[in-house]
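Asks: Listed below, chain by chain, are the residues.
Protein chains: 2
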Amino acid sequence: MLEPRIIKALEEIVGDKNVSTEKADLICYSYDATQQKFLPGVVVHPGSTEEISRIMQLANAERIPVFPRGAGSGFTGGSLPTKGGIVLTTERMDQILEIDQENLVAVVQPGVVTEAFQQAVEKVGLFYPPDPASLKFSTLGGNVAECAGGPRCVKYGVTKDYILGLEVVTPTGDVITTGGPTMKGVVGYDLTKLMCGSEGTLGIISRIVIKLLPLPEAKKTMLVLFDSIDGAAQAVSAIIAHKIIPTTLEFMDGRTIDCVRQATSLQVPEAARAVLIIEVDGDREFLDKQARRIAEIIAPLGVVETRIAETPAESEALWQIRRSVSASLRKVNPDKFNEDICVPRSKVPEMIRRIDAIAEKYAIPIVNFGHAGDGNIHVNIMIDKKVEGELEKAEKAIEEVFKGALALGGTMSGEHGVGIAKAPYIPLEITEQSAAYMKAIKKALDPNNILNPGKIFLDN
Amino acid sequence: MLEPRIIKALEEIVGDKNVSTEKADLICYSYDATQQKFLPGVVVHPGSTEEISRIMQLANAERIPVFPRGAGSGFTGGSLPTKGGIVLTTERMDQILEIDQENLVAVVQPGVVTEAFQQAVEKVGLFYPPDPASLKFSTLGGNVAECAGGPRCVKYGVTKDYILGLEVVTPTGDVITTGGPTMKGVVGYDLTKLMCGSEGTLGIISRIVIKLLPLPEAKKTMLVLFDSIDGAAQAVSAIIAHKIIPTTLEFMDGRTIDCVRQATSLQVPEAARAVLIIEVDGDREFLDKQARRIAEIIAPLGVVETRIAETPAESEALWQIRRSVSASLRKVNPDKFNEDICVPRSKVPEMIRRIDAIAEKYAIPIVNFGHAGDGNIHVNIMIDKKVEGELEKAEKAIEEVFKGALALGGTMSGEHGVGIAKAPYIPLEITEQSAAYMKAIKKALDPNNILNPGKIFLDN
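Chains as they are written, first to last, in UniProt numbering: chain A, 1 to 460; chain B, 1 to 460.
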């Protein structure tokens, strides 16, 4: 519990109704998508940059940890108040401040929900590509803090690639701006990209300057069933080798197909051991030709069946198989560890084989799908925590999955970040020397270790 | 002069023939494209990461400043040995280590010349887009350190967008790797992008992991003459609004055209007060249609003449007008300050008007061309340093140009960096608080201030 005078000081900054110590409220802000729970001492809802700055100044003076939070949809516990203290939510700061149609730049507050922003820019013919699965509720501030990805990243890049500038409240409460509305800029160190993916440990994002693209005229969806994961992986490489970068190249492995087949009425032939959902976008009249070219290119690679959508409704039907995965998995086992390793694209089949071997070794179902074009595999380790020993087995399996990805030149996380969930595994990927440099940066910016302490590096 | 024991220690690290204190050699490494000169105490040519590491350890132990250098083609003095000490060149580390055609990733040493690398990847159907004007001699290590740009950046982005990972020798001599060969990765802070554009002040780049694209099948060049800079600027916005992002959107203002007309035999009608060179790339059969669409879109915007190249030779002829600019300028005045401000695209005409007013105020010719699609204007302030008072006038004019760009939401530099040339103007763009954070990062990584001291921030 925080002392009453601290609560009073916070109320003076943001107003009584924007500070809560009610048990019910604290519980609401105690968890995220990891389903771990840590109760904060207080939840504060600032309405302005100035208020965030004053909260950080108070927190530094009183040495109270602050945990910034968007929508709490993260998969690695980046927003969890692991040391109590203050949860600082950006929910009230949810305004789209500007959409500059001439320069293809938008300025937003951090609490804007990703999908709401996408719809707003699409209404005027513009396009914000990053599309994390959480986009219906995740906020742009959270997306920037985690450097969110999504299916479209194979063609369009990740959140970081669209962030031109930021206003940031530093861990000590200063307000700085980084970057700006220009397409280029090389004056001073790139604090913008440093903040992207720093998981709320180096600053609180209070305003975001976003680069937009023209909205593609149309898109076309294909669903291709392969007789092996190798065929699907070769198809990905072959398409790109033919100078086509599709908007999405989503894959599902054989185990995922089995889950979907068991749990739904979707028709998937037994011979299908891998699925690719391929979407291309651009000039309408060019798309039919591209879809035909793709079908030709991949034909020799063990294709069981190709379905090409001719209408938006047909496209939606093809995506149904992908969208049914989450619900299907729940029928396998109640608890899920959702990892998101990333390997060089060509290593996907080898990685899937390694994961299959790990699943067999520990007798745990592991189901894989994700972004084949990026080599970004969502590894779903399905257990029942109530069964004794399952959790321990899962933890061992996860470590082996990470080691396998790293051995293939990959990374433990393509999109989800480290937070607390992957922090224990950090030494597998980041050498002590690299970690020392990262911690030195954290210490330089946050000398009192107030902002989101214990994240990424547990000893930070 | 450095003590003989230091020279001896350096010779032990890199071998006798890779250390030079000969006056002629010192002079060769004393200048860059700024034409300022600072004599180093010694020039060292390491051949490996290990050797760079040992040099940095020695330099720290002895408190000798180290100035890393690629080809010395920078425009802002980033590689100049302003405090004597050691010039560390990466010329010997010039190997392309790998071109992974399946994953579209290359690994190179820092001394590889940009154009040589582009040719090597194009030979196997791949593409490295960043194309700084210096590409025939500049090195990839230097390109990364400065975050080089070029005409193609409007479509393809800058150097930073292609750097997936680095091996870096830190200022204290540790060797760390950042990022890796995957398309995504969010584990730990993004030291890769922090190093990009840090102008050799935060680490010495010893290996670079580069993202490649499939080489576009073909390109098509158009040259369009406009009766005003406003028409050209509107054309840029109109093309992008029609969902076409050309590969290049290069512009030249009226004063540039006058210079070219006077100095060459190129035929440019008197009515032309602005030029756009527009290039589109992609699928061959799509390009004719795109060129026609562009011609239609821009027709109402004061077009004096449109020339569309039908062959590579014709394309080369159209580029001739742009390539003749540098030589033409020399006839205006012998000395040139070459700035590269960047403003939001729509502000280009307003910025050109401001520059014209500044040129008139100081009675100095200022000639503008550059990358209109990015709003990145190369501002060439032409003087004769031998004429008394001209240098002072130029300096005042430069400051006014910077202030004008910043007032329009722009930046002092889109591509060239700060180095020492723009360091005195840093307070115009970077607030004291932001600067404090940048300096804190420098200090955290380089506690003895050994690596490229006094760059970007003169007091760093």
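Fair warning: there could be bad hints in the mix.
Straight-line C-alpha distance at most 25 Å; calculated SDA-like pairs for lysine to any residue [unchecked claim]:
{"id": "1", "chain 1": "B", "residue 1": "K386", "chain 2": "B", "residue 2": "Y362"}
{"id": "2", "chain 1": "B", "residue 1": "K289", "chain 2": "A", "residue 2": "D25"}
{"id": "3", "chain 1": "A", "residue 1": "K289", "chain 2": "B", "residue 2": "E102"}
{"id": "4", "chain 1": "A", "residue 1": "K289", "chain 2": "B", "residue 2": "F286"}
{"id": "5", "chain 1": "A", "residue 1": "K37", "chain 2": "A", "residue 2": "D25"}
Derived from the structure by calculation, the hints contain no laboratory data.
Asks: Would you mind marking each hint as holding or not holding in the structure?
Replies: We went through each hint and held it up to the structure:
no.	hint	in the structure
1	K386(B) <-> Y362(B)	holds, 17 Å
2	K289(B) <-> D25(A)	violated, 59 Å
3	K289(A) <-> E102(B)	holds, 24 Å
4	K289(A) <-> F286(B)	holds, 11 Å
5	K37(A) <-> D25(A)	holds, 13 Å
In this structure, only the earlier hint numbered 2 is contradicted, and the remaining ones agree with it.
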